[in-house]
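Just so you know, the sequences run in chain order A and B.
If you use the numbering used here, the first sequence closes out at 524, no skipped numbers anywhere.
If you use the numbering used here, the second sequence closes out at 1251, no skipped numbers anywhere.
Heads up, none of these hints are tricks.
Over the 10 Å line for every Cβ pair with chain B, so calculated as not near, a few chain A residues:
1. L138
2. K287
3. I364
4. I487
5. V491
6. E515
Only pairs whose alpha carbons sit at most 25 Å apart, straight line, appear in this in silico DMTMM-like list of lysine to aspartate or glutamate:
7. B:K1078 to B:D1177
8. A:K18 to B:D1136
9. A:K97 to B:D1085
10. B:K1018 to A:D304
11. A:K97 to B:D1068
12. B:K1215 to B:E1165
13. B:K1078 to A:D254
14. A:K20 to B:D1128
Read the hints as simulated data drawn from the structure, not as lab findings.
Model, not experiment: these values are computed from the prediction.
We put the CB at the ideal spot given by N, CA and C, even for glycine.
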Amino acid sequence: MIRVFLGLKLRILRNGFKGKTGRVVAFVFSAIMGLLLAAAGFAMFAATSQLSHGVGKGVVAMLGTFIVIGWIVMPVAMFGVDETVDPARFALLPIPKRSLLSGLLAAAFLGVPAIATFLATAGLILAGALVDGVVGALTAAIGVVLGTLLCVVGSRAVTSGFAAALRSRRSRDLALIGVTLLFTMIGPMISLGSNSMAAGNVEAVREALRAAGWSPLAAPYTAFYDFADGRPLLGVLKLAGSLVVLVLMLVWWDRSIESAMIGAVGGVQAGKQDNGKVLAVLGRTPKTVYGAIVAADMRGWWRDPRRRATLLSMVAASAAMPIALGVGPAKSPIAFGATWVGVFLALSAGNQFGFGGASYSQHIFAGVPGRTELRGRAAGLALIAVPALTVIVPALGALTGQYGNIAGALGTAYASFGVAAGMMSILSVYAAYALPESSNPFAMNSGGGCMKGLVNIAAMLATLVLAAPMALLAWWAGSSAWSVVVIPVSVAYGVGAVLIGTLIGGDALNRRAPELLAAVTPSR
Amino acid sequence: MIENAFELRGLVKKFGDKTAVAGVDLAVPAGSFFGLLGPNGAGKTTSLSMAVGLLRPDAGTAYVLGHDVWQDPTAAKKLLGVLPDAVRMFDRLTGLELLTYTGLLRGMPNDEISARATELLAVLGLSDARGTLVVDYSAGMKKKIGLACALLHAPKLLVLDEPFEAVDPVSAATIRDILNKYVRSGGTVIFSSHVMEVVERLCSHVAILADGVIKVVGTLDEVRGGRPLEEIFVEQAGGRTALGEELAWLA
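Only chain A is shown next, with the shape it has when bound in the complex (with noise of 0.2 Å):
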């Protein structure tokens, strides 16, 4: 059975590569990247063995984590998770469960990431050798092949749990509190690392490394070590560990493959009425094109589970990147911190014809000019995202004690999220997908997320460039009294951008609205 699950994904696969040139060169892209970062991870992996003992098992677990961290926020926060072989689509056929997810298993191990992950850590088999023969290579061989299956386990449980969670309207709170928690919690612990490493506080480093490497994080991972140094007990005690782990990781998998597989049929009849009490302002828009675009984008992000998911994952993102920068010793001015803030609350927006799909043909037939369009969206995310830019900037300076400096983060981040907004405004029209047709709001079309990422990156980097000038005013006013000039100069600076982004866009919109709309209309 798992054979045929294995070859039902590669037939997919295949399938989509059919006449798509950009896709098949993406794939071929991301599998070089791909085994270019495994060579690279088994050779620093392998290299760990010629470190002392003690350092070698503090990289390794340091590796370990970051590793395991990855494989379970990225896919929440910005890549999604290939659907390939998305699980509604057995619901009919007499498959037992355990047949079912043993397949849906392998099928999730064929892809880039898996494969690289795997063959980058088998680098500690070697390692494991090296340092204690043929004990050392076969339980580091063990951990490796446990490490692995946490990691495509892990994405799997906690994208779909996300997943389920976000489908029913009444955990979806749960659902953003456990995102903000996971980033949270992540960002200070890298920050904690690298500047105590920086600052040479070596005691620190070893403390958290011991802690990381107990942690079922990097558990698999370190536990040969713990053969080579005479100390079997606590290495079996790590590997079992890690597999209690494991097992419950598949069964939180199993429960929502569930909820994924019977759950698709209520979700699209769940008509439930929206009380509309925190929409109420929606009542107060202008009754005009521009006013009825903007009431219907900020409901769009309010209801579309989908752009709930985006904009949430963005909102803990964004949250989570200033407080890495910012905790700990070697405090970066929160200032830089707040142009990162509003750039990932304006990224949301960088697929929004996407979110609608084939409904854009609405505004088509009804002559909705391109910068009107345009400049609504940007509104109505603005309407979101200026009050939580209002809350996050002052709660981080505040966190991270610098007081002082909060008007000019808070102008920087407008200022950012202006410009962010302006080039989201050009790329949604010119770079725009169509979203999956699935129950699964962090589903993605297969072959696509290097490509996606990719311009999306590029689209950062630009933005980034384009707001340097304010966070550079509001680094060089600091905490003077110039800092409180800032906020209305980046404010006209976010709105000029806006400005511009949206005439850019609404142009490119009026020429190329069927060509946009062939784009995000799901091939059914």
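Since chain A is already given, all that's left is putting chain B on it; use the hints.
Just chain B, lined up with the frame of chain A:
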């Protein structure tokens, strides 16, 4: 005594405050051609989804030839053929690949799969499209390939949600022929529809579902009682809104 091929017992589904299905009981005799009628939003799809294991009921269950769909799904799904909607098909496969994988996932032997798949594609007029991705099929072709998936393992019971929707008259005639032949050779079919003409032409038994409950059930003649089926349907569905002075601006 006639055995029931399909039994729905006390199925209930609520979405929030709204009760979509308020206790549906239905017995589909083996060898019958059963039409489930109902206006839009009556709960036809919801009821059938619960009955085939796609949507967990709040109460009640369904039996396929005595196998509980929710207690023993694997056994029930082996006897059951269901017309999947487009979201439930691997549409990035070609028609032939889709049938092949459906068969493999059902554990059928390879030569049986390829023989049956070829025959089904030919009968349904999809032979030319066997190498085309299902995602590029027209709506009617998707219905037909879905039907082929449902028939591939020779089920004892076919459950079809709106099988004639979006299907052209030629294909509809083909599907009717296939279903008639299937019932004559001992199979049981239940399908939902709101097209009276199709139901009157095909069905031996009829049930009318409205407001989440079964209003009328019986053989076609019992239900009609000598009147046109459409009249009964409109009556059970709560009548029509008479059009008087409204829409005067529409000119």
